[in-house]
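Numbers 1 to 162, taken from my numbering, label the letters of the sequence shown in order.
Heads up, none of these hints are tricks.
Below, a list of computed lysine to any residue pairs in the SDA-like style, where the Cα atoms sit at most 25 Å apart:
id	residue 1	residue 2
1	32	71
2	138	63
3	74	102
4	117	143
5	129	82
6	138	156
Hints are computed from structural coordinates only; laboratory data are not their basis.
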Amino acid sequence: MAMLALAAGGDMISNEARREAIIDGLLDLPSKVKVVLKLDEEMKDLAELLISEQSLLVFGRGYNYATALEGALKVKEVALMHSEGILAGEMKRGPLALVDHKLPIVVIATRDACFSKQQSVIQQLHARKGRLIVMCTKGDSASVSVGGSCRVIEFPYVEDCL
1 MAMLALAAGG
11 DMISNEARRE
21 AIIDGLLDLP
31 SKVKVVLKLD
41 EEMKDLAELL
51 ISEQSLLVFG
61 RGYNYATALE
71 GALKVKEVAL
81 MHSEGILAGE
91 MKRGPLALVD
101 HKLPIVVIAT
111 RDACFSKQQS
121 VIQQLHARKG
131 RLIVMCTKGD
141 SASVSVGGSC
151 RVIEFPYVED
161 CL
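Please take these sequences and the hints and turn them into a complete structure.
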């Protein structure tokens, strides 16, 4: 699908660098998947922490909103746990009232155009004493871990649309 989209919009010189970055990212994707699959022990530890929970919120923004929705759906299907994928920009319109020290919250904060806004979301959730699990790009843990109080899962950088 990505290659089809690139071919359809491929006549603009101004987009050439972005197009090349996406193609390079597609070529490098198998090695990135191998790195992510090595996180299985960390994921097992996280699953053990969450096994007794009743609910889970997953916040995403931009391309990662779809990731948040899909992640929440997989939690519902596999763990049979209530979970909601939420657009991070809508956090103040209701979901923020649910946040307390008991509720586990996953925030997807990758290095993309929405990163600084996601940092703000993390700070607001931290101020409400949310139990944060932040998924971020490798090397960004210091930028997303407010006072070291949240669990951080790092994975390799990929272009935002991948």
